[in-house]
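Visitor: Start from the sequences, fold in the hints, and give me the full structure.
Protein chains: 4
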Amino acid sequence: MIIVIKKGLKPENIQEVLLKIKDLGASPHIVEGREQMTVSVLGKTEKISLKDFEVFPEIESVMRVSKPFKLASLAAKPNGSTFNIKGVMFGPGHFNIMAGPCSVESEDQTLRIAHAVKKAGATIIRGGAFKPRSSPYSFQGMGLEGLKILQKASRETGLPIISEAMDLEGLRMMMDYVDIIQIGARNMQNFALLKELGKIDKPILLKRGMSATVEEWLMSAEYILAGGNDKVILCERGIRTFDTQFSRNTLDLNVVPILKGLTHLPVVVDPSHGTGFRHLVAPMSLAGMASGADSLIIEVHDKPEEALSDGPQALLPSDFEALMKKLVQMGEIMGRKVQTEILDKKAS
Amino acid sequence: MIIVIKKGLKPENIQEVLLKIKDLGASPHIVEGREQMTVSVLGKTEKISLKDFEVFPEIESVMRVSKPFKLASLAAKPNGSTFNIKGVMFGPGHFNIMAGPCSVESEDQTLRIAHAVKKAGATIIRGGAFKPRSSPYSFQGMGLEGLKILQKASRETGLPIISEAMDLEGLRMMMDYVDIIQIGARNMQNFALLKELGKIDKPILLKRGMSATVEEWLMSAEYILAGGNDKVILCERGIRTFDTQFSRNTLDLNVVPILKGLTHLPVVVDPSHGTGFRHLVAPMSLAGMASGADSLIIEVHDKPEEALSDGPQALLPSDFEALMKKLVQMGEIMGRKVQTEILDKKAS
Amino acid sequence: MIIVIKKGLKPENIQEVLLKIKDLGASPHIVEGREQMTVSVLGKTEKISLKDFEVFPEIESVMRVSKPFKLASLAAKPNGSTFNIKGVMFGPGHFNIMAGPCSVESEDQTLRIAHAVKKAGATIIRGGAFKPRSSPYSFQGMGLEGLKILQKASRETGLPIISEAMDLEGLRMMMDYVDIIQIGARNMQNFALLKELGKIDKPILLKRGMSATVEEWLMSAEYILAGGNDKVILCERGIRTFDTQFSRNTLDLNVVPILKGLTHLPVVVDPSHGTGFRHLVAPMSLAGMASGADSLIIEVHDKPEEALSDGPQALLPSDFEALMKKLVQMGEIMGRKVQTEILDKKAS
Amino acid sequence: MIIVIKKGLKPENIQEVLLKIKDLGASPHIVEGREQMTVSVLGKTEKISLKDFEVFPEIESVMRVSKPFKLASLAAKPNGSTFNIKGVMFGPGHFNIMAGPCSVESEDQTLRIAHAVKKAGATIIRGGAFKPRSSPYSFQGMGLEGLKILQKASRETGLPIISEAMDLEGLRMMMDYVDIIQIGARNMQNFALLKELGKIDKPILLKRGMSATVEEWLMSAEYILAGGNDKVILCERGIRTFDTQFSRNTLDLNVVPILKGLTHLPVVVDPSHGTGFRHLVAPMSLAGMASGADSLIIEVHDKPEEALSDGPQALLPSDFEALMKKLVQMGEIMGRKVQTEILDKKAS
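Top to bottom, those sequences are chains P, F, Z and A. Under the numbering used here, the first sequence has 361 at position 331, and the numbering climbs by one with no breaks. Under the numbering used here, the second sequence has 342 at position 312, and the numbering climbs by one with no breaks. Under the numbering used here, the third sequence has 276 at position 246, and the numbering climbs by one with no breaks. Under the numbering used here, the fourth sequence has 255 at position 225, and the numbering climbs by one with no breaks.
Just so you know, not all the hints are guaranteed correct.
Chain copies aren't distinguished; within one or between two, either way the pair holds.
Said to hold, decoys possible - With a Cα cut of at most 25 Å, we get these calculated SDA-like pairs of lysine to any residue:
1) K355 - G151
2) K261 - P58
3) K229 - H59
4) K116 - G188
5) K52 - I78
6) K232 - N109
7) K356 - P122
8) K36 - N279
9) K229 - L49
10) K149 - G188
Note that these hints are calculated values from the structure, not bench results. The structure displayed is predicted, hence computed values, not measured ones.
Guide: Rendered as structure tokens:
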């Protein structure tokens, strides 16, 4: 249930509404937008009637949300969420590109690639310090040392950092080093981790599980939002289907316009994992933007044949540069300002 | 096995090569490109050695094709196929849009929509006279009467017609009425039909089966090519996956750049069946072009609520017009000339 | 809509009911069971009310069938169908095994294997004369010659024959040679073929399409039944999923009890195509029976390394014999009489 | 790489072999079977040659394992693993049934059902105290209180307990209360959890991920085994496919014989989650045993309409009793002793 509050009122003016919600056995959750304030009513709402709120003059409208996700629903923020993450904009009208190596392998490698992607126009650096590997015998990432290298790359380039957390221990370690926490496909329904992410003050990039439905994905976002963290970004990274001869996964771009009709959260496309092969990355990056995505996350490596993980899907810096140029052009048609530099100050 | 013949030679100059191929128990198939002539060696090629052809001075190079498709392979025509179908161009650098109703329902409906899509810039009219329906009790199409209506629409607008054949009887009936024969997903491996399509002189649009691999799809194209019909166009129309709550199929755009690396045949994207919902059609049309497709096939209906089939996925004429404008703009970035009128004479 | 007629009445006694149905714009289809007669009302039934039939004393009950399949529904024959096909029983309480080579390769091979499977207890011989092959360059079957060999095998062993028809031409050819027409997975939605199968007087074994839903499968059976042929047998042969490393398909045994709750048609399991590997065939044959199937269809070859198709999944005659013994034992627990010899006369 | 040691030798006699392995940069892992001792060589084995071990007379044979799983491979224990878990036997020749409610909902409910399933012949009680729920607003389980109820049920009936751990905190809590730790489908690739499970001294039942390949599943088992915990039991619980109209998941019984050819670990089938509907549970339980499984895990509830989770798939106690009788009968044919009582002392 979503309650839309009249313009101009402050939370303290709607105390009675909030008390009423609690009386009815549910819990209120306030979302302040630029143009309106909404109250999402969570918990046991089955027995609450729209009539229960008709008496309050502060209330503009009350809607029953039939979808099981509420805080994540578009109804909660009909104009979409806009985030400014350390000078990088996510949201309607904006577009940005995150790029970097799959894994942090050494300081030299990471700094080299960080400077290359910055030069080409990426505004966020990606790089894994903890790597989810199906084999216990594969390279598992550099851990804390990797985080320190990422921090150095961020300081040298001025770009914020995104990196993956696989568990609570890693998450705690990352709080001082990274700017966006990435949650991988295999952890999309790691509910203990999702609950913890709801309590922290960092943006979360939540990748779709390999065979997760759109509803399950949004419900996982709902776990984080319900915990109190409202900075959730969704990332499509390819689903598992029957044909893996020529691509590692099937990038499901249908979900981009689907999500735009269901949720206010920004949507990122990962054409690197979504295809698994270098020659498919540029066309699917362009297709990702054309489908309506807010951002791309792309693997770039200057020596892919030496990469410790996912070398075959990494773009060369020169190819990445050429792709960036096309994305900037296409952004104009799509009504998206492609950001190629960090903003000086907070924007919205 | 693909044999590349030196420039300038004519088929009669390479008689000896052809005889040698037949002696070895295989059959030669000549493909004349603008810049080179290639001979595909079909049949039992396992025991043929590259050395068998070294003595011929006419031969420039001999390649073993490890893929099971040969005539369809990119190696057979490295620059891609270009078709001029009644003044509409398919191939590198070109782009065209086919549009129209799902089913031919009446003369009035078909003519009305045909004029609307022509006005917006479509250059081929689509419309089903024979409808594959999972229920024997559903509307099965107007049949011959529908074909006559399509012919009238073609005469009034000047646009060529594409329509689906479901069996040999329907195929024979269509020969006098339609310009491109569409083969639906359910018939992609109807081998008897494929063999017949190899014998006719009409372009074929071959839709991907609902769970067909890329290789199976190309092998089905190979059936038609091996029969002697070299005008085959591939059409991605969405695959079947685990999530059908918000879209009918999963449009698999990964296959567009994959096919571009494997085959010379043009690739069409069908965002209507690939999504199943009107609000997803425009973004996925743009994404289809951005992924590298050569054409789109889009369902348009001016009274979708009255449509006898697939109403929910049909675009309104006004939405189609707006989409066409964006496609023309995007074509410039993609290096594609979006065709919005029929060419006067044969081009290439 | 299903109308159940009182016991003992004959079709001529219910003329008025049939006329009423036609008056209402629908068409009646009589199904005579041993214990009751039912009338399925097909066509436009949306506007027909249960009340329309309340006045007729001949009618015992009227049910609205919400499922889109009617003739195939369990409601149409609540006790299940029982077929006697040339002395082999399909239906509740019965169990039989069809076995033989994937393809008819020579008279010698076919006769040898036919005698071996008969000796082990199979009561129907399988063997392909027309082979659906994804490549136009693969062995396509012996055709008419193969049918003649099958006929000879049938005469020598006394066992009826099942073989696959791929198109109308092949179907006509087979009418004089085979006893059960098999329709393969790729043709499950070849509607032209299904309509023709409705007109012939031969039992049809309808394999499930590679990614067909249960409803689509039953609707394809409905095409045949609605055409007037009531001898349809369903065959699960494995679906396409994401993991093909260790099995060719995923045998979906869930559908066996699902079908038993939805339809009266017999259900066969094909553990050979359902797995693709010899060592999986025996366990999955037992599992097929345990899940409630009415029959199995198993590939057997005495020289699988020489087989022209599907050698890796063929059982050796000795393994088949051992499996037959276990099936006979398990039949007792499952309440199934496993038939190992052709019955002398018509049974029911 | 697997090294088979001659019979009769003790670990201390093969010190030199172990040192050699460490010298080569890999690590040895000893597995003592009843009939032989094997040493699995883990880590970087690419550069190790079979010749490196030829000089040791203690060694009987050395095999390169091409599969990426080693400790889990059948080669490591060719006769299969046999576990005695508090008097319940898992392994070749044995068969047991775990049963109980989906969730622990109250002491009364749990004790009632525990006694019912014991009476029918189950030897392990299942019941969830921590529930993985896709919605943050759904019942999440009784937690510690639920564990205490399970302990009471175990004391009253004498049956060991299996329950699911979702995270490290829950795992620690469970160590004093449950006998087998269940890891759910969503956590199959929660690598942090898997690593922790390798360090504890409790048997683990590892459910297959919803779209996990067999190889990924065995690699997850390998994580636990490599950590030092050799009591891993695999559980097939249905995969996600395209058809969910009549069953919640597709129970993939092909994997039972596949696993029997790849690994020594016991295999359990979960027909409750694998189907999602009560009327499918009994046939698929029988099919599970027939396919070669070592055990079943079945949801039973005496008031399924009141269940807080998964009511529609729970068997009634009376149906469970009838099923148990059939399983005992079928066990005789399958060469399995179906255990219906806890053994007094340690057996093997």
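Visitor: Evaluate each hint against the coordinates.
Guide: Structure-based check of all given hints:
In this homomeric assembly, K355 and G151 come within 25 Å of each other (Cα to Cα) only inside a single copy, at 9 Å, whereas the closest approach across copies is 29 Å. Within a single copy, K261 and P58 get their C-alpha atoms as close as 19 Å, which meets the 25 Å cut-off; across copies the closest is 47 Å, which misses it. In this assembly of identical chains, K229 and H59 lie within 25 Å of each other by CA distance solely inside one copy; the values are 15 Å within and 41 Å between copies. With identical chains, the CA atoms of K116 and G188 are at most 25 Å apart within one copy only, with a shortest distance of 10 Å there and 57 Å across copies.
Taking the shortest Cα distances, K52 and I78 sit within 25 Å of each other inside one copy (11 Å), while across copies they are farther apart (50 Å). Taking the closest pair of Cα atoms, K232 and N109 come within 25 Å of each other only inside a single copy of the chain (22 Å); across copies the shortest separation is 50 Å, beyond that limit. For a Cα distance limit of 25 Å, the shortest separation of K356 from P122 qualifies both inside one copy, at 20 Å, and across copies, at 18 Å. For a Cα distance limit of 25 Å, the shortest separation of K36 from N279 qualifies neither inside one copy, at 46 Å, nor across copies, at 41 Å.
Taking identical chains as interchangeable, the C-alpha atoms of K229 and L49 lie at most 25 Å apart only when both belong to the same chain, with a minimum of 24 Å there against 49 Å between chains. In this homomeric assembly, K149 and G188 come within 25 Å of each other (Cα to Cα) only inside a single copy, at 12 Å, whereas the closest approach across copies is 51 Å.
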